[in-house]
Amino acid sequence: MLGALVIVFREVLEAGLIVGIVMAATRGVDGRGRWISIGIGTGVVGAAIVAAFAGVISQAFEGSGQELFNASILAVAVVMLMWHNAWMARHGREIAAEMRQIGTAVSEGAKPLTALAVVVGVAVLREGSEVVLFLYGILASGTSGASIALGGLLGIFAGAAFTGLTYFGLLAIPQRYIFSVTSWLIALLAAGMAASAVQFLNNAGFAEVLGNTVWDTSWILSDGSILGKLMHTLIGYTERPTELQLTVYVGTLFAMGLLMRLARYRPEQRVAV
Amino acid sequence: MRRMIALIAPFAIAALVALSPATAQAQDFKLTIKDHKFSPEEIKVPANTRVIITIVNEDASAEEFDSSALKVEKVVAGKSSGTVRIGPLKPGRYPFIGEFHEATAKGVVIAE
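Here the protein sequences come in this chain order: A and B. Quick note on our numbering: the first sequence kicks off at 1 and runs consecutively. Quick note on our numbering: the second sequence kicks off at 1001 and runs consecutively.
If you are wondering where the hints come from, they were derived from the structure by calculation, not from laboratory data. Please note that the accuracy of each hint is not assured.
If you anchor each label on the Cβ, the simulated ranges turn out as follows [claimed, not checked]:
hint : chain 1 : residue 1 : chain 2 : residue 2 : range
1    : B       : K1044     : A       : R90       : 55 to 63 Å
2    : B       : K1106     : A       : S180      : 43 to 51 Å
3    : A       : R264      : B       : E1102     : 42 to 50 Å
4    : A       : S218      : B       : E1041     : 18 to 26 Å
List time: in silico SDA-like cross-link candidates among lysine to any residue, alpha-carbon distance up to 20 Å [unchecked claim]:
hint : chain 1 : residue 1 : chain 2 : residue 2
5    : B       : K1090     : A       : E243
6    : B       : K1034     : A       : L139
7    : B       : K1090     : A       : Y136
8    : B       : K1030     : A       : A60
9    : B       : K1106     : A       : T213
10   : B       : K1090     : A       : T213
11   : B       : K1030     : B       : G1078
12   : B       : K1034     : A       : V214
13   : B       : K1090     : A       : L210
14   : B       : K1044     : B       : R1093
15   : B       : K1079     : A       : Y136
16   : B       : K1106     : A       : I49
17   : B       : K1079     : A       : F61
18   : B       : K1106     : A       : S222
19   : B       : K1079     : A       : W184
All C-beta atoms in this analysis are idealised placements derived from N, C-alpha and C, irrespective of residue type, glycine included.
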């Protein structure tokens, strides 16, 4: 049971962290609960569908279907996170101002909310499909299924509890800093996802350039450990990044920063100058 | 507009060349999963070159081929197979596991 709990928790962790950050990033935006729920719900349904067709997916594209699928949905998530951050750079100030007036909800929130619902959806889809496959395998084999299914269920609850912890932890940040903190978190999240996506492409036989490993820090923090997984999601940590991964990581951060700078709207500056 | 295209075109072509599969010289290896165990449990591959590993899962349940050393995380559904490309590897030992059955599913890629 404990084994199943740990495996499921490890899979749920990444999606849980992303949901927590997205919830904190959309604090005060009207209708976010509905959109995030839609994202999670669609992700769970999608995970079951992906798990059901896992055999077909893995055998597609000469056995590299799963890698191409993962790379594609990570790319979608990166684009959505960029869109969100650009939108927030433009409207974050208004939202923060309106949040101070009790009872005022921000109705323009719909745009980044659909983007973030997609991010949540694909995160749940990717991790969830592995959980479904794992639990299904155990149920199918029939050996001590009940206790392991219970472990899996507890693992999902532990992951959900972790989401809450992330969310309330981020809420402890003073309100005037929360938008810049969540924007940074989302930028790092996106950079890490982009670096993962190119590695999936590399495993599928694409993007086979700059393949040398830059460093190996597996002796300090291994990718397989819980902390390693956390840091992987949070800042894109990987114990042996390739030159290509590092390039894409820095490039994504740079593109994100540039986009946010371009999107920023400063009406008071015109008055000052 | 034309200048824009002239500026972008070389990058687009370079990207296409870089992204297109270039696996003609890569060597193929096969790994079978049966009763939640890998066979062979040791694969010797050439160092400093790209290598293709085809994982055949003969079990009814899914397995996740997982190796942070090889930079691979790949779910292979039950009674299914999948292919993954790794390397170039420096000479050394690169352990891998089946994450769903970690107790029995273990192996190592030896690059030399």
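Verification of the supplied hints:
1. B:K1044 with A:R90: 55 to 63 Å: The hint (55 to 63 Å, Cβ to Cβ) holds, given that K1044 of chain B and R90 of chain A are roughly 56 Å apart.
2. B:K1106 with A:S180: 43 to 51 Å: This hint holds: roughly 45 Å between Cβ atoms.
3. A:R264 with B:E1102: 42 to 50 Å: 48 Å, holds
4. A:S218 with B:E1041: 18 to 26 Å: 21 Å, holds
5. B:K1090 with A:E243: Given pair K1090 of chain B, E243 of chain A holds - Cα atoms ~15 Å apart, limit 20 Å.
6. B:K1034 with A:L139: The given pair, whose Cα atoms are some 18 Å apart, holds under the 20 Å limit.
7. B:K1090 with A:Y136: 38 Å, violated
8. B:K1030 with A:A60: Satisfied, since the Cα-Cα distance of roughly 18 Å is no more than 20 Å.
9. B:K1106 with A:T213: 23 Å, violated
10. B:K1090 with A:T213: Holds, at about 9 Å.
11. B:K1030 with B:G1078: 16 Å, holds
12. B:K1034 with A:V214: With a Cα-Cα distance of about 35 Å, the restraint between K1034 of chain B and V214 of chain A is violated, given a limit of 20 Å.
13. B:K1090 with A:L210: Roughly 14 Å separates the two Cα atoms, so the pair holds.
14. B:K1044 with B:R1093: 9 Å, holds
15. B:K1079 with A:Y136: At roughly 14 Å apart (the allowed maximum being 20 Å), Y136 of chain A and K1079 of chain B satisfy the hint.
16. B:K1106 with A:I49: 29 Å, violated
17. B:K1079 with A:F61: Roughly 17 Å between the alpha carbons, so the hint for K1079 of chain B and F61 of chain A holds.
18. B:K1106 with A:S222: At roughly 17 Å apart (the allowed maximum being 20 Å), S222 of chain A and K1106 of chain B satisfy the hint.
19. B:K1079 with A:W184: 43 Å, violated
Violated hints for the displayed structure, listed by number in ascending order: 7, 9, 12, 16 and 19.
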